[in-house]
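Asker: So you can see what is in the structure, the chains are spelled out below.
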Amino acid sequence: MQQRSALAHRKPLEVDGVEKDASPASRHPLYWPRRRYSSSNPSRSLRTRSSRDANASLAQLLEVCARGDEEAWERLVGRFGGLVWSVAIEVGLSRDDAADVFQYVWMELHRSLRRIHDAEALPRWLMVATRRQCYKVAAHRRRCGIPIDAQIGPELLDPKRLADEEVLVKEHRRRLEEAMTRLNPKDAELLRLLFLDPDRPSYEEISRRTGLAVGSIGPIRARCLRRLRVLMEESS
Amino acid sequence: MSQKKNADHSGSTDRVLEGLDEQTWEAPPEEVLRRVRRMEDSEVLPEPEESLVESCAPEDVRAAAAAIDDGDEVVITRSHEDADLTITIQPPDGEGDWMVSGRIWLRQESEEPMQVALVHETHVLAAKRVENGEYFEFEEVLPRQWYLEVHLPTGACLRIDDLLS
Chain A
3 MQQRSALAHR KPLEVDGVEK DASPASRHPL YWPRRRYSSS NPSRSLRTRS
53 SRDANASLAQ LLEVCARGDE EAWERLVGRF GGLVWSVAIE VGLSRDDAAD
103 VFQYVWMELH RSLRRIHDAE ALPRWLMVAT RRQCYKVAAH RRRCGIPIDA
153 QIGPELLDPK RLADEEVLVK EHRRRLEEAM TRLNPKDAEL LRLLFLDPDR
203 PSYEEISRRT GLAVGSIGPI RARCLRRLRV LMEESS
Chain B
195 MSQKKNADHS GSTDRVLEGL DEQTWEAPPE EVLRRVRRME DSEVLPEPEE
245 SLVESCAPED VRAAAAAIDD GDEVVITRSH EDADLTITIQ PPDGEGDWMV
295 SGRIWLRQES EEPMQVALVH ETHVLAAKRV ENGEYFEFEE VLPRQWYLEV
345 HLPTGACLRI DDLLS
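Those protein sequence lines, which keep their order, are chains A and B. Each residue of the first sequence is one higher than the last, beginning at 3 in the numbering used here. Each residue of the second sequence is one higher than the last, beginning at 195 in the numbering used here.
Bear in mind the hints are in silico, worked out from the structure with no lab data behind them. Heads up, a few of these hints could be off.
[Said to hold, decoys possible] Pair by pair, the computed Cβ-Cβ distance ranges are:
#, chain 1, residue 1, chain 2, residue 2, range
1, A, Ser204, B, Thr282, 21 to 29 Å
2, B, Ala221, A, Arg202, 19 to 27 Å
3, B, Glu331, A, Glu191, 34 to 42 Å
4, A, Ala215, B, Leu246, 55 to 63 Å
5, B, Ser295, A, Gly220, 37 to 45 Å
6, B, Pro337, A, Ile148, 23 to 31 Å
7, A, Gly155, B, Pro223, 25 to 33 Å
Backbone N, C-alpha and C fix where the C-beta goes; we use that ideal spot for every residue, glycine too.
For reference, chain B alone in the conformation it holds in the complex:
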């Protein structure tokens, strides 16, 4: 303790507020903390550079809300020069999770898997590694304006942003 440097102290109001907050916040139990200290099962998803992102929809329909009623399942297919996609979306009937599933077929065979992610703003809500043509499925609470990102083995990214809002 006596050797401890006050590592996070710096000149801003926020630091004092953090000191106050630390007194207010309830510390999580040690066994709960222990579970998240190592993130071996999780992977930092790269943020695709804009130049490497291509949308699967023309600009005038991007982020356009498809008319879909609660609980109704819709199937969406998209073709891109690098891949073909079939996505099934089922919004919750009332409250709860959306079901998003599908398959992606690469036009060019690759040994490397793809990463499929559900994204909202800066939140990667869920992500999965999938092989070419492999089935994937997500069950997530989705806010408006979510979209699907497909990180191709080439490093490029397909953004399927015309699904639903």
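Isolated chain A (complex conformation):
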């Protein structure tokens, strides 16, 4: 996170091999303390992540997909398949039509992989592609006189609509940060371990640190996210 690099000169406290920074940044709800690595092990040092790492890893995933790696492609589909499907369903398409749209969108992404340089823009890219395909399917059905329940018109292609959504995303992010400060400390700790720890701990490691049974981490994670969502909704 940016706060960490800005405060890197401060002498940290060390607890269990993890630096505990007493700076104001450490009180940020999404702060994760920097783990100290030996400079003699550069590969491990490289795993110390910055705020751009999520996008960097997605950029790498896109790059590997463009080289034809099927496993990477499956990961990409697994990660964003829900987004594409949900957009198609939300605009009102039937599940059969949504399935066609789903296939078109991933074909379009596959063809376009070498052109997407901004990984952060991928969700928006997928939404644009999905909406255009939804419009195409709806228009085709209407032209052929096939009834369609959804009221899908050209407004679906309006870039302003997406711009408005970007504002909402920013607001969503602000509410998330605020909700994290109000979350039960145990829940917040688990979410930090699951989502923010640069060392990507395994479930066994999380179990060791938190005392939770490995098998219970998944369900507790889901409950924590639900509670976080409730707090976010309250703050809206």
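Given chain A, work out where chain B should sit, using these hints.
Answerer: Here is chain B on its own, set in the frame of chain A:
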């Protein structure tokens, strides 16, 4: 499950939001997912290096909107040192697909096919492999500022960006 590394976890707000989104998004049915896990019928289209891209129109008319009414078909011909092109464009009458079709003749014979693609920003909306002089046709919903890319067997790319906006 117990061996599973939390592979995508990294330090950003977006990761928590993704966790929330995963709960919000509806997962597609397995048979729908299965269809896109292998992209055997699709090909990653290269992004042409700028030095290999040549436009078929002088700079002052690039991306200029040709006056065209809904449903009216227009035929555009272009000549380039590597190829001659004839493109027919029919915008939708009201809503729906544009029809873009044509043929491209290489000045120099080649065994290798060309790739023709409809592109908008970073979206390759459709792409086809065509032989020298072979007819191609696209039916697509096209946003403004789309253009046609022709990837020549030499690796060079012709961008026909003065078609319509």
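Asker: It remains to establish, for every hint, whether it holds in the given structure.
Answerer: Consistency of the hints with the structure:
Distance hint check: the CB atoms of serine 204 of chain A and threonine 282 of chain B are about 59 Å apart, inconsistent with the given range 21 to 29 Å. Between alanine 221 of chain B and arginine 202 of chain A the CB atoms are about 23 Å apart, so this pair conforms to the stated range of 19 to 27 Å. The supplied range of 34 to 42 Å is broken by glutamate 331 of chain B and glutamate 191 of chain A, whose beta-carbon atoms lie about 59 Å from each other. The hinted range of 55 to 63 Å is satisfied by alanine 215 of chain A and leucine 246 of chain B, whose Cβ atoms lie roughly 58 Å apart.
Judged by the Cβ atoms, the range 37 to 45 Å given for serine 295 of chain B and glycine 220 of chain A is violated: they are separated by roughly 53 Å. At about 24 Å, the beta-carbon gap between proline 337 of chain B and isoleucine 148 of chain A stays in the expected band of 23 to 31 Å. The hint said 25 to 33 Å for the Cβ distance between glycine 155 of chain A and proline 223 of chain B, and at roughly 27 Å that hint holds.
Against the hints set out earlier in the document, violations occur for numbers 1, 3 and 5.
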